[in-house]
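The listed protein sequences derive, respectively, from chains A and B. Read in the working numbering, the first sequence has 682 at position 682, and its numbers run on one by one without any break. Read in the working numbering, the second sequence has 1055 at position 55, and its numbers run on one by one without any break.
Calculated directly from the structure, the hints in this document are not laboratory data. No residue lacks a Cβ here, since even glycine has one placed at the ideal position from N, Cα and C.
Take a look, some chain B residues computed to stay more than 12 Å from chain A by CB distance:
| # | residue |
| --- | --- |
| 1 | I1009 |
| 2 | P1011 |
| 3 | V1099 |
| 4 | K1100 |
| 5 | L1101 |
Examples of chain A residues toward chain B, derived with CB under 7 Å:
| # | residue |
| --- | --- |
| 6 | F658 |
| 7 | T665 |
| 8 | L752 |
| 9 | V759 |
| 10 | G762 |
| 11 | I769 |
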Amino acid sequence: MTPAMIDDTTLYAVLAPFAAAAVAPFLTRWFKHNAAWPLAIVPALIFLHFTGFVEPVSQGESFVASKAWAPSYGVNFSVYVDGLSTLFALLISGIGTFIILYAGGYLKGHPQQGRFFSFLFMFMGAMLGLVLGNNLISLFIFWELTSVTSFLLIGFDHLRAASRRAALQALVVTGGGGLALLAGFILIIAATGEIEMSVLLGSPDIIKDTGLYLPIFLLVLGGAFTKSAQFPFHFWLPNAMEAPTPVSAYLHSATMVKAGVYMLMRMQPLLGGTPEWTTVLPIFGGLTLLVGTILAVRQTDLKLMLAYTTVASLGLLVMLTGTSHEKALEGAVLYLLAHSLFKGALFMVAGTIDHEAGTRDITKLGGLRSAMPITFAAACLAALSMAGLPPFIGFIAKEVLYYGTSGWLEFWGGPITVTAVVGNALMLVIAAAVAIKPFLGPKVGTPKHAHEGPVLLFAGPVVLSVLGLGLALIAHTTGELFVGPTLSSLMGEPKSVELHLWPTKINAPLILSLVTIGLGIVLFTQIDRLRAIIASVLEVIGWGPDKGFDQFVAGTVSLSSRVTRVLQNGKMQTYMVLIFLFTGLAVLLPGYLTNSFPAMPKMPEYRFYEWGILLIAVLGLIAVLVAKTRLTAIVSLGIQGFAVALIFMMFGAPDLSFTQFMVETLSVVILALVMTRLNLSPSDHRPLSAALATGLVAAAVGLGLSLTLLAITQQPFDSRLSDFFTEFSRSIAHGRNIVNVILVDFRGIDTLGEITVVVLAGLCVLALIRVRTKPDKTAEASEQDALKAQQAEAR
Amino acid sequence: MRTIIFRTIAPYLSALMVLFSIFVLLRGHNDPGGGFIGGLIAASALAIFGVACGVASVRRAIVFHPMGIAGFGLFIGALAGIVSFFKGQPFMTSQWWYVKLFGVEIPLSTPLIFDIGVYLVVVGAIGSIALALEEREAD
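Hey, can you work out the whole structure from these sequences and the hints?
Here's what the structure looks like:
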């Protein structure tokens, strides 16, 4: 069905968070942390706006809205609302509402809270623009904007080196992947001629038919895998836990990292179903799932455990998306929904524990249930959903995805199912560890005296974890309103979904679920031993992508400094030789490579005075070469220049000749003046070899330019331009001197630019001369100080 | 360099050159010449005057700082382009006025103003470089 046009309200909904970002600092200055309440209205309203789409979208409708941005390039700011984007928009704005509230409580009294709100809102807007983006280019802009804003958020605590490193790492990895995505988009646009996602989705085979499928597939994958922290790009996500917890809860569990999954899901109708898709995605997704869960078990820090399970969950989603199989995709959608709810809640719980008890290390926590009963309840509900136990949405998701993987997929079915079972069992272990360990058992002394947080802190976890239960209880409606439309977007055709809370009969998924739960419980009892084993294995391996990133950065820095030391060594000579060397190569090499040097023309009949001028020019050149002192050489060069000016004059270019005379005069004068200032020795004392090498470069440039000129003059003369100027300079510009008319009239703006350059160049030269003439006493003094400091350091 | 003959002649020579440069500037639209060449001539005049009589006397003679002259040139060059806006035409569309003075029709135009701007830029920029380079010799 073709999408229906809607009014611009949805466009404003995408932009609303940016407006909120602008006012957030002021509100925070006036209301302190209570600014969270009015600010949360913004995402709440956006959420309400998108709930309006749920009903029509579930009927199979879709919508587009568009505003011209750079119309000459086909770039519009446009949104496309269908099942998938509605689900994501609801998650972003809905969870966003609680994150804003939570941030109000969590960063209460923080001097930079207003700035924090701003970043958070900008991120929200970027994320909304991404998931709703219709135009590929504007979609990409929002995609990179999420990288940039998450850089700001992760590095929020910028005084800590670890934060800065994590932020930089996230930006390098996701931003670099984003460039791959851009290349992929450009290929799509070039190959199909379409720039709007909705149009592309209208004809699903459009990319597969172009013959550019493989590069497009790989480039899009590069963007999606880095963004969604797929193995081997998984390392940045746990490091990003350096960010304040509200950020972790929002970006790294509920939204940002899902951007990659979103991109894969969005592309599934266009790119999916091919052998490449169904091979690469499940392998990397499965690997990520296993690596993520195993690394999660090893951690004792609540946030890190959750972070690694996020990596694992993303792997699971990618793996399921990679099957291109209806039931597995349905499982993916359900799991996406479930994961957003329980992970958002658990992150906020972890943050609350950290905030109230002063530590996040589960080995130092215990018995908090009586001190924090509401948080405990929320944690339990969310963890049960994460563990995949009934009657929670996580359970339904697990059932459906097992249903999808087992027995339905011929070749990959077995490995995928085993991977999913192991991954889910380990997920259950983490869920239990996160929810049980800090709250149950004997009370442990914590750095801070733990007590229940304010409503700002527990509102989010409670609502999200209860939703995880509620949506499962109304499973049928959930399937109809949210899962079905999203699945339709993924499949590219209308699908309806029927969900049941309780399994209707004993079948493979139920048995797999029981196996998962059993395995999980066994592993949980052995968690300490498991942790030790993993730690020792990791120690043996030693090297990881995280370390690799550091080595990569260090390598890049040392490489660039080495290159700089060679190329930018501060010696004018080196610069000039390099410049001329490459100029020579540039003019000589093409002719040499294509073997197309111009033929030497026949010597024309010169008159005696023409021979005379030529002789003067050559004599001038010889004089330059044999000159004993520099001043003589400069003046001799002037003689040569004058001869050239005479040649110009004779062959009908009086303007050029005139200019040449003046330029030669002035350059002799200025060069002579410069020489006296530089305190050079009057003559040149280079060894012969150096002089010869420079001479060789000079000869190459000269030869190359001569050959180029010859080649040009041998082309048939294209007189269109000169005809135009000859014809019109009199009638339009009222001038007979065509050169001058071109300079000041036909191409006046060029000249305006040139005289601007002349003024700036003059200013620069002046500044350089000034620096030299008046040696600054204070500068000298500070230089000496620096030298002393260096010496002291060396000692 | 500062022979007495050179020092005596230089002011007159420079004055002549500046006069000639203005002549070259104004004839540019129809005959060889124009702002750029004129500016170069005037800049050499300043340089020669400076070599002969010292930079201080050049600075006194031209009253303004040469870089100021260059900036002013750029300013009126841009201004000449803006005139066309008042007629609703694109930037730098040339405008012509024919003024009768003592029975002689003198064509005036924005390209002429622009050319004068070019002239001043070249005089100012090149002149200031030359003067700055000469200055060390004076002190």
